[in-house]
Amino acid sequence: MSSGKVIEPPPETKRKPGQVKRSVRRLESKAKVDGSAEYIHNLSLPGMLYGKIARSSIPHGKIRSIDAAAALALEGVHAVITGEDVRRLIPDPYYGPAFHDQPILALEKVRYVGEPVAVVLALDPHVAEEAADLIAVEYDPLEPVFDEVAAAKAGAPIVHDILKPAATFPDLKHLEGQSGTNVALSSRVRRGDLERGFQESDQIFEHTFRNGKVIHAALEPYVTVAEMAGPDALTIHTASQSPSFVRSEVSRLLGWPENRVRVRTAFLGGGFGGKLYIKLEALVAACTLLVRKPVRIALTMEEQFYTITKHGATVRVKTGVKNDGRILAREVETWWNGGAYADIGPRVAQKSGLTSSGPYDIENIGIDSHAIYTNEPPAGALRGFGVSQVVWAYESQTDIIARALRIDPLEFRRRNILREGRPHATGMLMSDIDIDAILDRLAERMDWDRPFDHGSGPIRRGRGIAIGMKACVAPTTSVAMVNIYGDGSCGICCSTVDMGQGSDTAMAQIAAEILGLSAESIRVIHPDTDVTPYDMATLGSRSTYHMGNAVRRAAEDARTQLLRMAATALKTDMEELECRDGAVIARSGARMTIRDVMVARFAMQAGNIIGVGSFIPPYEKPDHDTGQSRQITPFWMLGGAGAEIEVDTETGRIRVTKLVNVGDAGSAINPEIVERQLIGAGTMQFGFTVFEEMIFSEGQVLNASFADYKIPGMLDLPHDLTGELVEVPHQHGPFGAKGIGETGMFCVSPAIGNALYDAIEVRVTEMPLTPERVLRALREAKDQPLGSDE
Amino acid sequence: MTKTHRRTIRFKLNGRPAIAEIGTHETLVEVLRRDFSLFGARESCGQGLCGCCTALVNGTAVSGCLYLAAFVDGAEVLTVEGLGSGNELHPIQQSFIENCAFQCGFCTPGFILMTKELLDRHPHPTTDEIRHYLSGNLCRCAAYPDIVRAVKAIAER
Chain P
1 MSSGKVIEPP
11 PETKRKPGQV
21 KRSVRRLESK
31 AKVDGSAEYI
41 HNLSLPGMLY
51 GKIARSSIPH
61 GKIRSIDAAA
71 ALALEGVHAV
81 ITGEDVRRLI
91 PDPYYGPAFH
101 DQPILALEKV
111 RYVGEPVAVV
121 LALDPHVAEE
131 AADLIAVEYD
141 PLEPVFDEVA
151 AAKAGAPIVH
161 DILKPAATFP
171 DLKHLEGQSG
181 TNVALSSRVR
191 RGDLERGFQE
201 SDQIFEHTFR
211 NGKVIHAALE
221 PYVTVAEMAG
231 PDALTIHTAS
241 QSPSFVRSEV
251 SRLLGWPENR
261 VRVRTAFLGG
271 GFGGKLYIKL
281 EALVAACTLL
291 VRKPVRIALT
301 MEEQFYTITK
311 HGATVRVKTG
321 VKNDGRILAR
331 EVETWWNGGA
341 YADIGPRVAQ
351 KSGLTSSGPY
361 DIENIGIDSH
371 AIYTNEPPAG
381 ALRGFGVSQV
391 VWAYESQTDI
401 IARALRIDPL
411 EFRRRNILRE
421 GRPHATGMLM
431 SDIDIDAILD
441 RLAERMDWDR
451 PFDHGSGPIR
461 RGRGIAIGMK
471 ACVAPTTSVA
481 MVNIYGDGSC
491 GICCSTVDMG
501 QGSDTAMAQI
511 AAEILGLSAE
521 SIRVIHPDTD
531 VTPYDMATLG
541 SRSTYHMGNA
551 VRRAAEDART
561 QLLRMAATAL
571 KTDMEELECR
581 DGAVIARSGA
591 RMTIRDVMVA
601 RFAMQAGNII
611 GVGSFIPPYE
621 KPDHDTGQSR
631 QITPFWMLGG
641 AGAEIEVDTE
651 TGRIRVTKLV
661 NVGDAGSAIN
671 PEIVERQLIG
681 AGTMQFGFTV
691 FEEMIFSEGQ
701 VLNASFADYK
711 IPGMLDLPHD
721 LTGELVEVPH
731 QHGPFGAKGI
741 GETGMFCVSP
751 AIGNALYDAI
761 EVRVTEMPLT
771 PERVLRALRE
781 AKDQPLGSDE
Chain S
1 MTKTHRRTIR
11 FKLNGRPAIA
21 EIGTHETLVE
31 VLRRDFSLFG
41 ARESCGQGLC
51 GCCTALVNGT
61 AVSGCLYLAA
71 FVDGAEVLTV
81 EGLGSGNELH
91 PIQQSFIENC
101 AFQCGFCTPG
111 FILMTKELLD
121 RHPHPTTDEI
131 RHYLSGNLCR
141 CAAYPDIVRA
151 VKAIAER
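Protein chains in written order, with the working numbering: chain P, 1 to 790; chain S, 1 to 157.
Worth double-checking, as some hints may not be accurate.
Stated by the list, open to error - Using 30 Å as the maximum straight-line C-alpha spacing, the simulated DSS-like pairs for lysine-lysine come out as follows:
# : chain 1 : residue 1 : chain 2 : residue 2
1 : S       : 12        : P       : 658
2 : P       : 30        : S       : 12
3 : P       : 164       : P       : 62
4 : S       : 152       : P       : 293
5 : P       : 21        : S       : 152
6 : P       : 153       : P       : 318
7 : S       : 152       : P       : 710
Stated by the list, open to error - A few chain S positions that, by computed beta-carbon distances, are all more than 12 Å from chain P:
#  : residue
8  : 8
9  : 9
10 : 10
11 : 12
12 : 40
13 : 104
14 : 132
Derived by calculation from the structure, the hints in this document are not laboratory data. A virtual CB, placed ideally from N, CA and C, is assigned to each residue, including glycine.
Starting from the given sequences, assemble the full structure and let the hints guide the process.
This is the structure we're talking about:
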């Protein structure tokens with residue numbers, strides 16, 4: 001440079017690219033590569049006791065006695081706590097988001113193998129573990145029931161004698177349960193005239209599809225640490241996706257006001273729906289109050305298998321079509337294997353039930369969806385919330401129908417999909433969607449119009465597609481605060497939990513866009529119910545939309561206050577001012593940094609601007625008998641998947657060579673993170689489709705470890721694996737965004753199942769598509785069935 | 001457990017001399033957490049099958065959840081916290097950031113240390129070699145394609 005003068009570029013070019021719709025790197029990137037990221041897993045407190053759980057060894061029975069003498073005699077054991085001890089502290093120690101059915105520790109009865117019966121507390125975790133094995137429990141066994149369809153029938157053993165609806169969430173207020181049965185919830189959708197629809201159909205197809213149970217297997221195990229915060233208050237540090245719910249539920253159990261229970265979280269080492277509602281929190285809170293010392297319980301991987309699972313499900317789909325390829329009528333009935341405690345299973349049944357006729361424009365629809373108790377470990381939310389189970393069913397059948405009608409499967413879907421303005425099965429008019437765009441992208445990425453080599457010899461090749469939908473959970477509330485500090489820096493207080501999905505980064509981008517800051521400069525304060533406001537939970541792909549809107553409003557509120565203060569300082573009108581490049585800039589060219597504004601207002605670098613925003617989308621409760629509602633969901637989630645596979649016809653082994661996952665993210669706040677969400681979800685569902693399955697024998701999980709239960713690793717992945725964004729902006733989403741964390745789960749299974757049929761002309765109706773299952777189906781089709789092991 | 005054998009171990013931890021009083025049944029990952037507040041190596045599956053607890057002992061990756069702390073007596077132990085120098089990240093860590101090779105981050109230190117062992121022994125691995133070498137590390141978020149890219153980017157430097 002020839003002189004000391006710096007030539008400033010004009011403000012327009014200096015302006016950073018938008019803070020939203022920019023692939024900002026995760027704010028916590030450095031902490032995640034240098035080992036310093038905070039997880040509750042890391043936490044130890046002085047004087048803390050380790051708890052180890054003694055668990056039921058039988059699936060159903062009455063507790064006759066619990067003998068803890070040997071455990072208590074072990075040197076170093078501080079205490080043994082049983083259900084009766086808990087009951088002395090908490091008279092009605094049953095919890096749950098849908099039903100208050102789950103005891104903190106078993107009382108009188110056990111309902112699944114692995115149910116917590118007692119806890120040993122010791123300063124040394126090894127001592128606690130050894131002592132837990134010394135607890136002797138005697139049972140009077142009762143007849144168990146495991147299969148969800150059998151459990152729903154009259155005369156089945158009853159898992160719960162009485163049902164106590166929780167009435168916590170507005171969408172579950174109607175829960176009544178059917179006493180004297182194992183049905184926790186039956187939800188219905190009725191539209192048009194089903195009987196007439198079938199009568200007018202040229203062909204009717206009816207199939208039943210099944211899938212087994214799988215687990216979340218987040219690599220950070222479930223962990224909760226609690227401590228007294230003075231004589232009558234409690235702090236719970238927990239790896240939870242729902243800190244606000246933990247606070248209200250623990251307060252309810254204790255009969256305390258919420259302000260005496262503080263719940264905080266950190267980064268989660270994965271959640272996937274497992275770390276929702278109450279897992280260890282009530283138990284650890286009770287232990288802490290009973291011994292008045294800090295207590296930590298962290299589960300092993302094996303124990304994850306006895307904590308919460310995805311629902312196994314049986315789905316019967318009956319569809320009537322005209323020969324020209326129009327679907328006239330569809331009836332779907334689903335039985336959800338909810339295990340021994342309802343957890344959030346009734347909501348899974350209801351919400352996934354209401355979209356189980358698929359993303360299709362069908363005049364006559366009947367849907368029944370039953371949440372069923374069995375004597376297996378409880379089932380709850382798992383990324384997709386039941387949607388992948390019903391998509392597996394209806395999209396497998398869509399393929400069957402298209403082939404029977406000799407219509408290309410993609411074209412068959414095009415003739416039937418829901419389009420903007422058309423009524424969904426619930427009666428709500430579709431908006432802000434474009435399923436054609438998803439099909440277009442699938443067709444393009446799958447080279448659908450090009451001939452496909454199916455191979456000859458023992459290795460056969462096939463390809464398949466599927467589309468699916470979800471209605472984002474409603475109604476739910478998010479509240480956020482945006483705090484501008486005296487030096488002009490900014491923090492966001494919100495209770496959305498960053499479990500790897502990148503929510504910290506997305507929230508920072510949203511606030512930054514409004515305040516004219518860079519996303520990287522914003523700090524997101526992690527959930528702490530003493531500090532961060534209410535959020536329903538981090539689940540159901542709701543955070544970007546709900547919390548994103550709350551953060552947007554909070555940032556707008558902060559901006560209004562900031563501009564008002566600046567207008568006073570600059571003696572101008574607020575309308576003359578805007579927030580840009582970390583400053584307030586007037587149309588006249590006058591400029592104040594945010595710090596300048598704070599100094600002008602507070603006479604020094606001091607004070608705060610606190611912007612507040614809350615968001616609850618409109619919702620109309622569905623009619624009890626027909627499921628009809630004008631506003632069932634704030635936004636629709638739509639996706640599609642395509643798979644190419646190779647099948648070894650001699651072993652039944654499937655190799656997925658290509659997996660394309662298409663999802664509508666609205667206008668993505670952070671496109672690269674969103675694409676990775678699609679790939680991550682797609683890979684998880686790929687594991688559920690081809691090999692993951694919990695194997696039960698009399699309620700006992702036979703493969704409860706990574707040695708026997710495999711999750712996808714590097715060598716399993718399809719070499720061609722992509723996430724593809726379709727961006728159909730949502731009119732009410734923050735900057736047009738929708739949620740997408742689960743979308744990549746929806747369609748992978750039927751895409752692979754349909755590819756399997758394409759390759760070998762054999763339909764497998766039960767997941768996962770293990771080599772044994774595929775080979776058995778192949779041999780049966782050839783009339784050479786394989787023998788059974790039994 | 002009624003009789004716990006204890007002993008003193010001396011070793012090099014992230015380049016510095018270290019000493020610890022341990023039970024002979026205690027694992028490396030327990031001792032790193034409890035006595036040194038190092039949390040980068042984390043127990044997850046507890047069976048040496050997921051790689052979250054990876055540490056390098058004399059340059060070789062071990063599963064810290066199975067590896068007894070007593071075995072590091074006299075050895076050099078490297079955890080992810082000791083990989084960079086001062087405030088400077090190691091190129092592997094930098095590459096993981098540049099390629100967005102993590103989501104929840106729980107498995108990341110294990111992948112990074114396994115990559116360190118790989119590149120120390122095979123500075124220019126092929127994609128297939130990377131996949132094979134890292135196949136013992138699991139990532140439930142499935143950042144695998146980005147991890148392979150991150151490793152490849154350094155290998156090609």
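Evaluation of the provided hints:
Our distance criterion of 30 Å between C-alpha atoms is broken by residue 12 (chain S) and residue 658 (chain P), whose separation comes to about 46 Å. A hinted pair counts as satisfied when its Cα atoms are at most 30 Å apart, and residue 30 (chain P) with residue 12 (chain S) qualifies at roughly 25 Å. A threshold of 30 Å between alpha carbons decides the hint, and for residue 164 (chain P) with residue 62 (chain P) the separation of about 20 Å falls inside it, so the pair holds. Taken as a hint, the residue 152 (chain S) and residue 293 (chain P) pair is broken in the structure, with Cα atoms around 49 Å apart against an allowance of 30 Å.
As the CA atoms of residue 21 (chain P) and residue 152 (chain S) are separated by approximately 28 Å, the hinted pair is consistent with the 30 Å bound. As the CA atoms of residue 153 (chain P) and residue 318 (chain P) are separated by approximately 21 Å, the hinted pair is consistent with the 30 Å bound. The hinted pair formed by residue 152 (chain S) and residue 710 (chain P) meets the criterion: a straight-line CA distance of about 26 Å does not exceed 30 Å. The beta carbon of residue 8 (chain S) sits about 19 Å from the closest Cβ of chain P, which is more than 12 Å, so the claim that it is off the interface holds.
At roughly 18 Å from the closest C-beta of chain P, the C-beta of residue 9 (chain S) stays outside 12 Å, upholding its exclusion from the interface. At roughly 23 Å, the least C-beta separation between residue 10 (chain S) and chain P is larger than 12 Å, which holds for a residue marked as non-interface. Annotated as non-interface, residue 12 (chain S) keeps its C-beta farther than 12 Å from every C-beta of chain P; the closest such distance is 18 Å. Listed as a non-interface residue, residue 40 (chain S) fails to keep its Cβ farther than 12 Å from every Cβ of chain P; the least gap is roughly 3 Å.
A Cβ of chain P approaches the Cβ of residue 104 (chain S) within 12 Å, the least distance being about 3 Å, so the stated non-interface status is violated. Not every CB of chain P lies more than 12 Å from the CB of residue 132 (chain S), the least distance being 7 Å, so the non-interface label is violated.
Of the numbered hints given earlier, the model fails hints 1, 4, 12, 13, 14; all others are met.
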